[in-house]
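Enquirer: Just so you know, the sequences run in chain order A and B. Here the UniProt record's numbering is used: the first residue of the first sequence is 1, the next is one more, and so on. Here the UniProt record's numbering is used: the first residue of the second sequence is 1, the next is one more, and so on.
Since the hints were made in silico from the structure, they are not lab data. Keep in mind that this is a model prediction, so the values were computed, not measured. It is possible that part of the hints are untrue.
Computed Cβ-Cβ distance ranges for the label pairs, DEER-style [said to hold, decoys possible]:
{"id": "1", "chain 1": "B", "residue 1": "E130", "chain 2": "A", "residue 2": "K181", "range": "25 to 33 Å"}
{"id": "2", "chain 1": "B", "residue 1": "L45", "chain 2": "A", "residue 2": "E126", "range": "19 to 27 Å"}
{"id": "3", "chain 1": "B", "residue 1": "E130", "chain 2": "A", "residue 2": "G80", "range": "35 to 43 Å"}
{"id": "4", "chain 1": "B", "residue 1": "D31", "chain 2": "A", "residue 2": "S174", "range": "45 to 53 Å"}
{"id": "5", "chain 1": "A", "residue 1": "D29", "chain 2": "B", "residue 2": "E211", "range": "55 to 63 Å"}
{"id": "6", "chain 1": "B", "residue 1": "D141", "chain 2": "A", "residue 2": "V134", "range": "40 to 48 Å"}
{"id": "7", "chain 1": "A", "residue 1": "K215", "chain 2": "B", "residue 2": "K62", "range": "46 to 54 Å"}
{"id": "8", "chain 1": "B", "residue 1": "N172", "chain 2": "A", "residue 2": "V134", "range": "52 to 60 Å"}
{"id": "9", "chain 1": "A", "residue 1": "F208", "chain 2": "B", "residue 2": "N172", "range": "27 to 35 Å"}
{"id": "10", "chain 1": "B", "residue 1": "K215", "chain 2": "A", "residue 2": "E126", "range": "26 to 34 Å"}
{"id": "11", "chain 1": "B", "residue 1": "K214", "chain 2": "A", "residue 2": "E46", "range": "30 to 38 Å"}
A virtual CB, placed ideally from N, CA and C, is assigned to each residue, including glycine.
Number of protein chains: 2
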Amino acid sequence: MAEEVMLLDFWPSPFGMRVRIALREKGVDFDLREEDLSNKSPLLLEMNPVHKQIPVLVHSGKPVSESLVMVQYIDETWGGRSPLLPSDPYERARARFWADYVDKKTYLVGRMVWLSTGEAQEAAKEEYIECLKVLEGELGDKAYFGGERFGYVDVSLIPFYSWFYSLEESANFSIAEECPKLVAWAERCMQRESVAKSLPDQYKVHNFLLELKKKLQAQ
Amino acid sequence: MAEEVMLLDFWPSPFGMRVRIALREKGVDFDLREEDLSNKSPLLLEMNPVHKQIPVLVHSGKPVSESLVMVQYIDETWGGRSPLLPSDPYERARARFWADYVDKKTYLVGRMVWLSTGEAQEAAKEEYIECLKVLEGELGDKAYFGGERFGYVDVSLIPFYSWFYSLEESANFSIAEECPKLVAWAERCMQRESVAKSLPDQYKVHNFLLELKKKLQAQ
Numbered sequence: 001m002a003e004e005v006m007l008l009d010f011w012p013s014p015f016g017m018r019v020r021i022a023l024r025e026k027g028v029d030f031d032l033r034e035e036d037l038s039n040k041s042p043l044l045l046e047m048n049p050v051h052k053q054i055p056v057l058v059h060s061g062k063p064v065s066e067s068l069v070m071v072q073y074i075d076e077t078w079g080g081r082s083p084l085l086p087s088d089p090y091e092r093a094r095a096r097f098w099a100d101y102v103d104k105k106t107y108l109v110g111r112m113v114w115l116s117t118g119e120a121q122e123a124a125k126e127e128y129i130e131c132l133k134v135l136e137g138e139l140g141d142k143a144y145f146g147g148e149r150f151g152y153v154d155v156s157l158i159p160f161y162s163w164f165y166s167l168e169e170s171a172n173f174s175i176a177e178e179c180p181k182l183v184a185w186a187e188r189c190m191q192r193e194s195v196a197k198s199l200p201d202q203y204k205v206h207n208f209l210l211e212l213k214k215k216l217q218a219q
Numbered sequence: 001m002a003e004e005v006m007l008l009d010f011w012p013s014p015f016g017m018r019v020r021i022a023l024r025e026k027g028v029d030f031d032l033r034e035e036d037l038s039n040k041s042p043l044l045l046e047m048n049p050v051h052k053q054i055p056v057l058v059h060s061g062k063p064v065s066e067s068l069v070m071v072q073y074i075d076e077t078w079g080g081r082s083p084l085l086p087s088d089p090y091e092r093a094r095a096r097f098w099a100d101y102v103d104k105k106t107y108l109v110g111r112m113v114w115l116s117t118g119e120a121q122e123a124a125k126e127e128y129i130e131c132l133k134v135l136e137g138e139l140g141d142k143a144y145f146g147g148e149r150f151g152y153v154d155v156s157l158i159p160f161y162s163w164f165y166s167l168e169e170s171a172n173f174s175i176a177e178e179c180p181k182l183v184a185w186a187e188r189c190m191q192r193e194s195v196a197k198s199l200p201d202q203y204k205v206h207n208f209l210l211e212l213k214k215k216l217q218a219q
């Protein structure tokens, strides 16, 4: 089978954005297939029968799913250009630790900020700010999480920047005030073509999330 | 600093067991420090300030945490003997996918089986059996998840075998009846010295979990 790279995706998904960024960092051409999540394609169900979720990378007919697994696969398969994980095992373990932190904390707590109201939302907001401050502490004065070079932790975290505006609007706070260095890092990442092309407009994300919230609350 | 390997651990932790198994597969001598989780040591708080949880591997003074990150670190650092991850990037992605599945499903659903009662427990039990059947399907007729060789997915999943008896007792079912091939796989893994030495006795785990449940319910 010819080398063919396809990404089954859904535009506001931070997990899909990670994969788009990684492929673009490597200069890999790919066929982006937008899924309708209310009517999933037979291809998606065939390629990810366990979770039935996007994103799925299909490389020469073979599927890879789970975004961090996909980013590592991309880094190992198209290794020469723009390495994402450090070459040293200890530094690689640190990068994996922080990407795991982003997965376990930033997404789930951010979702709570966006979906909850009243006191629950205040608590979620405090926890979210704390998570971001932990990440900001790890970033320190470095340009990127791994140092001078854009890498794995950056790829894992930057997609959530496209959700910041919506979280700020729904819970009335300013991430730039709380974590100025983290926002400066995000703006630095946004100057990369791979990132700018992969993240949707924050207002478009906000409108999407408002609609989704209405639907979830109606259920 | 001299090469020194220390594991901050707690004996019934399936996550700690993963690390013990990986170190023993590699033939690495290590100093196992049992933690009192109700009175965590200053060393644990220093070595894992973000999550403050065991297990933590301390290698020549440098900490690594999160069990799957640690197993990968061990595989990359002591690479020559008993490789755990496959060398092919696609097979490596598959192994990471299944280890992630174990993390996201087997532990959390198993915990629900053990902590819940009545209808909630019945639902959790059904979901748990379904998870195990998915894993059994992936195992198929192979000796181990990766084929003929004991590897990363086996290391990730086998610790939960030491909790099977306690789950069966608390929810009145038989995993061997539901998933005979998976239990045969577990018994095969238990014939390895690395595994047999790292998993506690199932009755001891059961007594520990009964006591813990009482404490949690009293709170």
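Enquirer: Quick one: are L45(B) and E126(A) within 19 to 27 Å, going by C-beta?
Expert: Cβ of L45(B) to Cβ of E126(A): about 22 Å, so the range 19 to 27 Å holds.
Enquirer: May I ask you to test the hint 27 to 35 Å on the CB atoms belonging to F208(A) and N172(B)?
Expert: violated (46 Å)
Enquirer: Do the beta carbons of N172(B) and V134(A) sit within 52 to 60 Å of each other?
Expert: Violated - the Cβ-Cβ distance for N172(B) and V134(A), about 43 Å, lies outside 52 to 60 Å.
Enquirer: The hint says 25 to 33 Å between E130(B) and K181(A); measuring C-beta to C-beta, is that right?
Expert: The hint (25 to 33 Å, Cβ to Cβ) is violated, given that E130(B) and K181(A) are roughly 45 Å apart.
Enquirer: May I ask you to test the hint 40 to 48 Å on the CB atoms belonging to D141(B) and V134(A)?
Expert: 45 Å Cβ-Cβ, so the 40 to 48 Å window holds.
Enquirer: Range hint 35 to 43 Å: satisfied by the CB atoms of E130(B) and G80(A)?
Expert: Given about 42 Å between the Cβ atoms, the range holds.
Enquirer: For the hint 45 to 53 Å, verify it against the beta carbon of D31(B) and that of S174(A).
Expert: Taking Cβ atoms as reference, D31(B) and S174(A) lie about 47 Å apart, which means the hint holds.
Enquirer: If you check the beta carbons of D29(A) and E211(B), does the distance land in 55 to 63 Å?
Expert: holds (58 Å)
Enquirer: Determine whether the Cβ-Cβ distance between K214(B) and E46(A) falls within the hinted range of 30 to 38 Å.
Expert: At roughly 47 Å between Cβ atoms, E46(A) and K214(B) fall outside 30 to 38 Å, so the hint is violated.
Enquirer: Indicate whether the distance between the beta carbons of K215(A) and K62(B) respects the range 46 to 54 Å.
Expert: holds (47 Å)
Enquirer: Verify the CB-CB distance for K215(B) and E126(A) against the hinted window 26 to 34 Å.
Expert: Distance hint for K215(B), E126(A) holds at roughly 28 Å.
Consistency note: the structure conflicts with the earlier hints numbered 1, 8, 9 and 11.
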